[in-house]
Structures are given as C-alpha cells and as structure tokens.
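At position 93 of the sequence shown (counting the first as 1) the number is 95 in my numbering, and the numbers step up by one without a gap.
Derived from the structure by calculation, the hints contain no laboratory data. Some hints could be false.
[Claimed, not checked] Mimicking DSS-like on lysine-lysine, the simulated pairs with C-alpha atoms at most 27 Å apart in a straight line are: (1) K117 with K83; (2) K133 with K117; (3) K114 with K133; (4) K110 with K125; (5) K114 with K126; (6) K125 with K114; (7) K114 with K83.
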Amino acid sequence: MAKADKTATMTRLHSAARLARTALASRLLAHGFYAGQDQIMLALDRHDGLTPGQLAARLGVRPPTITKTINRLQAQGFLEKRASEEDARQAHISLTDAGRDAIRAIEKSVRKTEKQALKGLDKKEQKQLHKLLARIEANLSGNSEAEAAEPAEAAEESEAEAETNRA
C-alpha cells in the first residue's frame, strides 16, 4: 500500500468536513451569521435557557469561546441573558423573538448545504452514511456506539418533524 493510501480516509473525511463548513458558512454569512453562531442558536432552539457552561459542554468548545459568541449574538439582538433564580452569578441564555425568527434561516442554510453534500446518494446510502458518521464520532469521542446512536435517532426524529412541518 502506498504511503498516501494509508491516510486517504482521514484526508477525505477532513476534506468533506472542511468543504461542508465552507459551504454552510457562506450561506450563513448571507443571513449575518458567522461560523459557530449557528450551533449556539440551534442548541438554544432545542434547549432554551442553558448556561454558557452547559452550551460549551454540549458543543464541545471552551467556555471563553462560548462567552464571546454569546456576547456577539446578544449584541445582534438574537439572545438574552437572565440571571438564575437560584444563583444570581449564573446566567441562563435564551433566544429572543428575533433569534427564534433567525432559526428558520439557519435551518434553511443547513438543509441546503446538506442537500448539496448528499446529492446523488439515495435514502439508503444517506442512512448508512449517517450511521457510519455516528460510529466515527463515537470512536473519536470515546463514547459507545449506543451513546452515538442517541443523537442520530434524535436527528432522524428532527428531520421527520421538519418534513412534516414543510408539507
């Protein structure tokens, strides 16, 4: 096996991820969002009222990174911070009405990018790819396959719900 072949899978995986991020970033920028802001917005759409620490843990980033992005989104009018009733030092982050309205643009950008990325793959291949990517995520994060399947199932439910809403 040639030396280049030993890294071909990781090279392809990295390239596909980079191209997907670039395509999505371009679409999001048209709506005034920068890389990473969409993930915070979508996380809050699913679980409103999270603390910055909870957001950081869910998204796998450092708290200072989350704090900077939250502040930018708050300045744009998409998020608001509220002091916790239990501990005034702790803030809970919520979407504003403008933030909830912006979710539709973010989801549309994600759907268009996904459609572009999956062009030419039938439903069976898409489902297989989804399962394989979940397994790769589990391998790299140290989680079991069962733990990786949970987000995959949630994503399938979310997609089914989105299809119903579009109909």
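Hints that the structure is at odds with (numbers, increasing): 1 and 7
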